[in-house]
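J.: With chain A fixed as given, assemble chain B onto it according to the hints.
Chains A and B, in that order, give the protein sequences.
If you read the first sequence in my numbering, its first letter stands for residue 107, the second for the next number, and so on.
If you read the second sequence in my numbering, its first letter stands for residue 107, the second for the next number, and so on.
Don't read these hints as lab results, they were simulated from the structure.
Heads up, a few of these hints could be off.
Identical copies carry no separate label here, and so any pair may be met within one copy or between two of them.
[Stated by the list, open to error] Derived DSS-like pairs (lysine-lysine); straight-line CA-CA distance at most 27 Å:
1. Lys317 with Lys191
2. Lys341 with Lys262
3. Lys263 with Lys341
4. Lys324 with Lys219
5. Lys317 with Lys262
6. Lys190 with Lys317
7. Lys341 with Lys219
8. Lys190 with Lys318
9. Lys190 with Lys341
10. Lys296 with Lys286
11. Lys318 with Lys219
12. Lys191 with Lys155
13. Lys286 with Lys262
14. Lys219 with Lys333
15. Lys219 with Lys296
16. Lys341 with Lys324
17. Lys263 with Lys317
18. Lys219 with Lys320
19. Lys190 with Lys219
20. Lys323 with Lys296
21. Lys219 with Lys323
Quick caveat: nothing in here was measured; it's all calculated off a predicted structure.
2 protein chains.
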Amino acid sequence: MIEGLILLPNALHPLVDSNELLPPILLDIVPTLSGIIAESEKGARIFLKRFTFNKHKTFRDLPIHLLNEHTSLEEVETLLMLLKKGNNWGLISDCGLPVIADPGAKLVHLAHKENIPVYAYPGPSSIILALMLSGLPGQTFTFHGYLPRSLLLLKKKIGLIQRLQDQTHIFIEVPYRTVKLFQVLTTELKDDFILCAAANLTLPRQEVVVKKIKVWKKENFSNWNKKPVVFVVGKHITSF
Amino acid sequence: MIEGLILLPNALHPLVDSNELLPPILLDIVPTLSGIIAESEKGARIFLKRFTFNKHKTFRDLPIHLLNEHTSLEEVETLLMLLKKGNNWGLISDCGLPVIADPGAKLVHLAHKENIPVYAYPGPSSIILALMLSGLPGQTFTFHGYLPRSLLLLKKKIGLIQRLQDQTHIFIEVPYRTVKLFQVLTTELKDDFILCAAANLTLPRQEVVVKKIKVWKKENFSNWNKKPVVFVVGKHITSF
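Chain A extracted, bound-state conformation (with noise of 0.2 Å):
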């Protein structure tokens, strides 16, 4: 048994029952946990659901402490304290990768600080997803997460966006500025653009839409909204 602190992967999605995407491994390490340190409790008992428990132990049984943008400094130092009792905490995000997007990294750069040991484990990222179906250059990208809420400063964003061409930007959106967002970027970028729009990622109802911003600026995006969208600009490699 490994001990210390366990980045682990979850679905993307809390209602997609099947582990067919995470890494079998998972299923060794999560019944043997000390406790999970989640984003909230909902997410972590969803998490918890997915694996078989020894039996004499159920996922009830397993102490759930929260760690997200509400959490003090002083909470975070409890989680240090617990972690340096010698135990195995699984840290997980309520979708998708730990510390990616997700505030987990303070606790990671904690952990180190106090030698404790650090593992991590892959997994579904709509990040990386989106940006792999995409068809923009992966050998050198940006992701901004969420833009600017101003609209001065969101168009400020996007030309700073539009002038680094050599590289693939990815930003997300709260699902309720879906629309707003696409309005923006296909006033403010340049027609021969590309944009992508991924959305679903991982489910049957999957969208993944490319197309240069010239041909997206005729239409009126109503079909996204209020989707959680992950977009991907850039411009793709004339030459190979």
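T.: Just chain B now, with coordinates in the frame of chain A:
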């Protein structure tokens, strides 16, 4: 059976026999492939040997086509012709994820243009695992691929990375230049930057070392000589 171009993850190290880090769905998909598009013939055979085919077929019956930095545009178009026949072809990299730090994107781009369905499955990426393990922020990050070879351009690039300190930076180097890159990074980066060096990820001999530049400076880096290292550079979040 799905038809189209299927982006499949590979293990990070060809000599790892176990499939415990690959999604179990590959066990269903790979034996149904019409053929495989790979970086190298050797890499394709090592990958295919991981899977069990039905009794009428072995991994040797699967056609292998190459897609790498030596592939001409004409050859890519031949691959496209194969895809247009309606079969299902897997695209793999010698290690990790195709398209990420790899020339596969061109084929994905052309497949979209021809309305050929493209699917992608998650798996290990040394870049993403290194970022997770670094403890550096994953809210916004850039993958730079290989840094420039010329010392002048390399110093300029490190200067740029240093100025963009609101994001985490990831890059790779060919093993025989690892020590040289450590020397330049520790000379050029300010003392309070954090550098994470990750090697042999997912192997038992995995090494992940995270220190401030001022601490790295005291070392001679010979331990890292000829190792394929993923470098992660940034500043940690002081507030939470």
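J.: Where does the structure disagree with the numbered hints, that is, which hint numbers, in rising order?
T.: When the structure is compared with the hints, none of them turns out to be violated.
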